[in-house]
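Using the sequences plus the hints, can you model the full thing?
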Amino acid sequence: MRGELVHTSLPRGLDGGTGFVVAGCTGGMPRTLAASMADLSGLPEAWPGASDWDRTLRATRPIEWRGELAWVASVIRPCGLDHTGRGNRIAHHRLLDASETRTCDPVSMLLDHERWMAAWKGEPRELDAEPVTRSMPGHAGAAETWKRTFGDAGVAAEMLEHAYRSGVGAWIVVPSGTDRLAMLHELAGLLPHENRWKRGWSTRPLRPVAVPAPVIAVVDEREPLVCAAPANAAWILVPRIGQRAAASDALLQRAREGQGPSAAPAGSAPTGSVAWQPPVRLSAPGLEAPDQPERPGRTVQVSGSSTPAAVPPIRVELEPAPRSGGRMLAWLAAAAIAAMLILWRVLA
Amino acid sequence: MAAPATASNPLMHPVRDLVGRLHCPSCWHALRPADALFIAEDPRLLGDPVAGADEALRFLPSRFDLTGAALDPEGARCTRLACPRCRREIPRSMLELPATIVSVVGAPGAGKSHLLASAIWSMRRDADRLGLQVIDAEPRLHARLHAWENRLFGSAEGPRRLEKTETSGGQGYASVRIEGRTEVVPAPFVFTLRRAAETTPATSLVLYDNAGEHFLPGADDALRPVTRHLGRSEAIVFVLDPTQDPGFRAAVGLPPSTQPPVRQDLVLSEMAARIRHHRGRRTDERLDVPLVIAMAKADLWAATAHVSMLSDPFAVGGDPVAALRPGHQACLALARRGSPEFVAAFESAFERVLLVPCSGLGRDAAPPEGPVTPRWAAVPFVAACEFGEGGRLGSFKP
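So the sequence lines, in the order shown, correspond to chains A and H.
Numbering of the first sequence is given in our numbering, commencing with residue 1 and proceeding in unit increments.
Numbering of the second sequence is given in our numbering, commencing with residue 349 and proceeding in unit increments.
Be careful, since some hints might not be right.
Stated by the list, open to error - Facing chain H, a subset of chain A residues (Cβ under 7 Å, in silico): (1) 11; (2) 17; (3) 18; (4) 19; (5) 20; (6) 39; (7) 80; (8) 83; (9) 84; (10) 86; (11) 87; (12) 165; (13) 168; (14) 208; (15) 232.
Said to hold, decoys possible - Straight-line alpha carbon distances no greater than 25 Å define the calculated DMTMM-like cross-link-like pairs of lysine to aspartate or glutamate that follow: (16) A/147 / A/257; (17) A/198 / A/97; (18) A/198 / A/112; (19) H/745 / H/699; (20) A/147 / A/97; (21) A/147 / A/249; (22) A/121 / H/511; (23) A/198 / H/689; (24) A/198 / H/527; (25) A/121 / H/527; (26) H/745 / H/695; (27) H/745 / H/689.
Calculated directly from the structure, the hints in this document are not laboratory data.
Backbone N, C-alpha and C define an ideal beta-carbon position, used for all residues, glycine too.
Take a look at the structure:
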């Protein structure tokens with residue numbers, strides 16, 4: 001299903017309420033789905049003096065609806081004062097369908113600024129959910145913004161490895177003033193297209209609560225949530241300027257040299273000169289093979305920290321194992337033997 | 349000569365009395381103090397499957413030190429407690445003192461957060477005069493309130509308006525993962541309340557400040573049980589903004605507003621319906637929970653309505669019932685003239701209603717300059733606390 005929802009403060013909303021209301025919504029969207037999307041509309045508090053650009057939250061996040069996973073791309077930004085004279089924000093959400101996630105890179109969607117509303121105009125109304133008709137390939141070049149910021153584009157590869165290993169998402173803390181959206185774009189571009197939709201992406205810190213898929217965020221060092229977080233938080237990664245990146249060779253090479261202009265057609269695995277290797281296990285958290293020994297808490301070693309932090313698996317949901325062919329054969333054999341025994345008794 | 353051993357030996361300290369049973373202020377799970385989980389203090393024990401990966405592990409202790417503090421699996425001494433269901437932190441005072449729960453209700457934009465911040469600030473400063481002392485039970489959990497107070501009263505750049513309260517996310521709510529589903533629970537403010545009269549024991553004061561949108565019809569459900577405190581509260585402070593109502597504006601001579609009116613009577617009726625649902629009351633039954641209607645922004649209309657806020661109704665030694673009655677009657681007369689549908693809504697639903705004029709800012713909010721001078725901001729909240737058994741308004745009849 002595809003849908004669109006805008007949540008902001010108005011004198012009258014689509015449902016007749018006032019204050020923070022649904023200003024626009026795709027016609028026919030179920031109420032529970034609209035409520036789930038509206039719940040994503042909160043804008044985290046920013047540091048004093050943060051600009052509107054800094055405060056804007058751009059994210060792709062999964063929601064659970066009717067037992068299925070759906071992806072929502074959101075841009076939530078301040079938009080002046082509302083009718084009561086208080087600071088307002090507008091949250092524009094797009095519920096993506098499978099065709100869009102097949103052809104579009106998540107962060108490229110967030111970078112497509114024309115698609116996102118900056119203010120609500122007019123009366124509350126139903127919206128037409130226009131599909132993304134063109135493909136949006138991800139970043140294919142070298143991680144130049146990471147290189148400018150940290151001196152080595154390979155830092156992006158190292159951070160990506162740690163972020164995947166976290167299992168609850170990660171906040172990658174970058175110096176103030178850096179282009180977090182560009183860094184996020186380059187980070188996502190290191191992954192094969194299909195794997196980019198196994199994680200959420202964000203430019204502001206989101207609490208690492210139990211969500212269906214963890215979110216990787218590139219966040220400013222002045223963020224209040226970062227300052228208030230425990231010192232040994234396993235999901236907070238702080239790369240250092242001038243540090244020597246340590247990651248798998250293929251990923252490092254890809255971050256430093258890119259895939260070349262002809263590589264990575266949308267919707268397929270990258271085919272550049274660098275053969276991409278998964279940095280760590282790419283299975284979603286909690287979906288590890290059942291025979292894998294695991295402690296109640298998984299230990300994660302954070303870059304630059306000597307203290308391991310235990311992160312208990314938040315969501316353990318084992319998919320039912322597909323019935324193997326060997327087991328079916330065994331059942332058939334047992335049934336045949338039983339039938340033969342019955343036949344033998346009858347004949348005897 | 350050495351001091352008696354009993355003075356230093358923690359085993360000889362008197363046993364602390366605990367309440368027999370309490371309710372988690374976030375999810376309303378009923379528990380005995382012995383069921384409360386402890387929150388690990390060892391930095392290696394970070395992450396809880398329900399509270400979130402950024403919260404310390406919650407656990408039921410099996411080892412204690414001599415002072416009765418639990419030891420976490422790594423041996424660190426733990427004193428913070430958490431609810432066994434939602435795993436949100438419960439201030440220790442709630443296990444030791446009976447709780448007085450007060451819900452703050454109002455339409456969006458009525459000024460609940462401004463009034464609450466001003467009220468707590470006034471109660472902190474005027475504790476002696478009010479005969480009531482409020483102390484943060486766990487200051488760490490009140491960062492949002494402290495930021496409001498600093499913004500209104502402690503900013504070097506002068507007072508600034510508070511941001512609009514978010515309906516989700518932010519510090520006012522917490523997402524927890526309970527039985528495979530994500531639930532949003534409110535984060536209350538918990539204070540220790542001490543009265544000047546030594547005969548009255550101290551209590552825990554639990555205050556809830558929701559976004560006004562949560563009190564609109566249909567805004568509370570099983571996954572967002574953010575106003576379930578209405579089913580437990582001992583008193584309700586309903587913040588009424590007369591300036592949002594055309595009838596009130598006309599009654600006090602204010603020019604018509606350019607904004608669409610907000611039906612505050614419907615918010616009150618929705619609140620009464622939720623209270624009935626959560627407490628299992630009959631539809632035609634009037635509720636016995638005291639309702640204090642804080643008629644906000646009184647600086648704009650008090651003079652025209654002949655309402656005085658000069659005296660101090662809760663001055664020690666005075667008679668608060670007599671002091672509050674003129675204001676109550678003047679506000680009631682104004683409400684009957686300006687918004688009879690609102691009067692009908694509260695008179696049909698509540699037995700005990702007190703109307704109190706007040707102003708959280710003491711001036712128009714539009715110009716940012718000028719000091720904030722709250723007027724009677726604390727009165728509705730003190731009144732809500734004094735309606736209980738042994739309180740100074742226990743005998744109040746409307």
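Now the hints, each set against the structure:
1. 11: 5 Å, holds
2. 17: Hint on residue 17 of chain A: holds, closest Cβ of chain H at ~5 Å, below 7 Å.
3. 18: Status holds, d = 5 Å.
4. 19: It holds, given that the least Cβ distance between residue 19 of chain A and chain H is near 3 Å, below 7 Å.
5. 20: 5 Å, holds
6. 39: 5 Å, holds
7. 80: 12 Å, violated
8. 83: 5 Å, holds
9. 84: Cβ of residue 84 of chain A sits 4 Å from chain H, so the hint holds.
10. 86: 4 Å, holds
11. 87: Since the shortest Cβ distance to chain H is 5 Å, the answer is holds.
12. 165: Status violated, d = 13 Å.
13. 168: 4 Å, holds
14. 208: With a closest approach of 4 Å, the residue 208 of chain A hint holds.
15. 232: 5 Å, holds
16. A/147 / A/257: Within the cut-off at roughly 11 Å; holds.
17. A/198 / A/97: 14 Å, holds
18. A/198 / A/112: 21 Å, holds
19. H/745 / H/699: The given pair, whose Cα atoms are some 9 Å apart, holds under the 25 Å limit.
20. A/147 / A/97: 34 Å, violated
21. A/147 / A/249: 17 Å, holds
22. A/121 / H/511: Answer holds: residue 121 of chain A to residue 511 of chain H is near 22 Å, not above 25 Å.
23. A/198 / H/689: It is violated: about 54 Å lies between the C-alpha atoms, which goes past 25 Å.
24. A/198 / H/527: Holds - the C-alpha atoms of residue 527 of chain H and residue 198 of chain A are around 23 Å apart, at most 25 Å.
25. A/121 / H/527: The given pair, whose Cα atoms are some 41 Å apart, is violated under the 25 Å limit.
26. H/745 / H/695: 13 Å, holds
27. H/745 / H/689: Within the cut-off at roughly 22 Å; holds.
The structure fails to meet hints 7, 12, 20, 23 and 25 from the earlier list, while all remaining hints are met.
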